[in-house]
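Participant: Assemble chain X onto chain Y, guided by the hints.
So the sequences go chain by chain: Y and X.
Using this note's numbering, the letters of the first sequence map in sequence onto residues 1 to 110.
Using this note's numbering, the letters of the second sequence map in sequence onto residues 1 to 334.
Quick caveat, the hints were computed from the structure, so don't treat them as lab data.
Please note that a few of the clues may not be correct.
Stated by the list, open to error - Simulated crosslink set (SDA-like; lysine to any residue; CA at most 20 Å straight-line):
1. X:Lys251 with Y:Gly106
2. X:Lys264 with Y:Asp13
3. X:Lys251 with X:Ser88
4. Y:Lys34 with X:Leu296
5. X:Lys48 with Y:Gly46
6. Y:Lys92 with Y:Asp13
7. X:Lys293 with Y:Pro39
8. X:Lys129 with X:Ala224
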Amino acid sequence: MKDLIEVIVTGRDGETRTIQIPTGISLSLMEVLKGEGYPILATCGGMALCATCHVQVIKGYESLHQPEDQEWAMLDSLPDYTPLSRLSCQLKIDESMDGMEFRLMGEDNI
Amino acid sequence: MIQTDICIVGAGPVGLFAVFEAGLLKMRCHLIDALPQVGGQLSEIYPKKPIYDIPGFPEILAADLITNLMKQIEPFKPTFTLGERVDSFVRNEDGTMIVTTSEGTQVSCRALVIAAGLGCFEPRKPEVKDLEKFEGKGINYMILDPEKYRGKRVVLAGGGDSALDWAIHLSEICGELSLVHRSETFRGAPDSAAKVFELAQSGKLNLILNSNVTAVSGNGHLEAVTITNNQQENSEIFVDNFIPLFGLTPKLGPIAEWGLNIDKNAIVVNVEDYSTNIPAVYAIGDINTYPGKLKLILCGFHEAALMAQSAFRHVYPNQKLSFKYTTVNGVNAF
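Chain Y extracted, bound-state conformation (with noise of 0.2 Å):
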C-alpha cells in the first residue's frame, strides 16, 4: 500500500502543480486543496450544499465513485459544470486518486 499520492491540479490561474498527500488522512480533496493554499470557500464545509469547491477531473474520472444524489443536485445547478465536473468535498482522499488530474471550476471569492 502507498503511504503518499501525487495528484496534479490546476488552479483557476492556469497554474499546474503536483501535490503530494499522505494516504491515511482521512480529508477530502477539498479539504487538502484548502490546505495548500488554494482559494476555496467551502461555505457549507463539505456537505455538498455550496459548490465553492466544484472541480473539473481531467484524469481519472471513471474511477471515482459515482455522486450521491445531493451533489448531483448541487452539480445540475452550476452554470460551468461539464461533463466531468465534481464537488471536491465529496471525494475522499486514497489510494486509487494517485495520478488523477484536477482543475479548479468556479471564481475567486477569496
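Facilitator: Same frame as chain Y, now just chain X:
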C-alpha cells in the same frame, strides 16, 4: 430614517445573538440582510442539516437553531430590513453613523457591527457574453414579483430546484415559457421534475434539454437569446426576459470598499473587543480574522459578547458599564 443603537449587518446566527448581548446592556439593534429571510447560511444553504458543536445541544438542525435564536432575542425587540444589501455608511459630526442599503433604506446608529459571514449571497451568473449589458433590461437573476412576467415571453435556464419550481409557477403566468437545461435529466426534486415534463407534454412549457444559452442580444432591451445544443447547433429565440437560475454564491460586496483592513476577504479585528480599524465599527463571526481564528458559530457568539461590552461606550458614552448575570436578573430586567 430608522433610529437604533447598533446596526448589525447580517442576520445569521452571530448577528442574531449579538442582539441578545447588546440587549443585556440596554442597547437596541436593527439588522440588515441581503437575503429575504433571517438565518444567513443556515437558512439559505443547510436548514435541514444537524449541527453538533453548539454548547448545550448535542444535535440541532440549522433551521431550529435560527428559530431558537429568534425566540431568545425577542425580548429585546430587534427590527429588521431584509432583502437589501448594505452599501455604504457615513459618520456625522456627533459620532452617529448613517448606513444606507441598496434600496435606499437608511439607518442611524452609534455602533456598526458587521456580522456578514462570507459576505452577501449574490446570484451565480453563467458565462455568457454581454449578460451584464442587459441586467435589469430583460435579464434578472431572481424572481421577486412573478406578476411582472404575465403574458411575457420568458426563457429560464438552470436545472436545480429553483429553476424547476419557477418553471412550474411561471407556466401559468407567462405568455410563452421556455426552460433551458444542459442535460436531459433533472436530478433535484423528482416531483418537480415530473411536473415539468408533464407541462412540456401538454404544451405549457417549451423544454429545451441538452442545451445552454450561449448568447444574448438586443437593442437597449433584451430581444433574443441564442441556444446551443450538445451538437453545437444554434437556434435563436425572441424573448422579453431571460432569467438564469443557477443558485447563489457569497461575495464580500461593497464592504470591501469601506477602508477596513482586509486580509484574504476577511476583516482584521482587535481581539480585545473585535473592533476594526474604523472607530465604532466591529466585525464578528466568519467575516473577521485574527491570529487563531476559527470559523465556528460558537466563536462568533463569544465575539458578540465582547463586542457588546465595547460598543456600550459608543452608545452610552457617559455611563458606566455594570456587568450582570442573566441568572440573577432574568432577561426582562435588562
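Participant: The structure should be examined with respect to each hint, and the outcome stated for every one.
Facilitator: Evaluation of the provided hints:
1. A threshold of 20 Å between alpha carbons decides the hint, and for Lys251 of chain X with Gly106 of chain Y the separation of about 13 Å falls inside it, so the pair holds.
2. Between Lys264 of chain X and Asp13 of chain Y the alpha-carbon distance is near 16 Å, which keeps this suggested pair within the 20 Å criterion.
3. For the given pair, Lys251 of chain X sits about 16 Å from Ser88 of chain X by alpha-carbon distance, which is consistent with the 20 Å threshold.
4. As the CA atoms of Lys34 of chain Y and Leu296 of chain X are separated by approximately 17 Å, the hinted pair is consistent with the 20 Å bound.
5. For the hint linking Lys48 of chain X to Gly46 of chain Y, the alpha-carbon distance of about 15 Å falls within 20 Å, and the restraint holds.
6. With a CA separation close to 25 Å, the supplied pair Lys92 of chain Y and Asp13 of chain Y exceeds the 20 Å bound.
7. Distance check on the hinted pair: Lys293 of chain X and Pro39 of chain Y sit about 17 Å apart at the alpha-carbon level, within 20 Å; holds.
8. Pair hint Lys129 of chain X plus Ala224 of chain X holds up; C-alpha atoms about 13 Å apart against a cutoff of 20 Å.
When the structure is compared with the earlier hints, a violation turns up for hint 6 alone.
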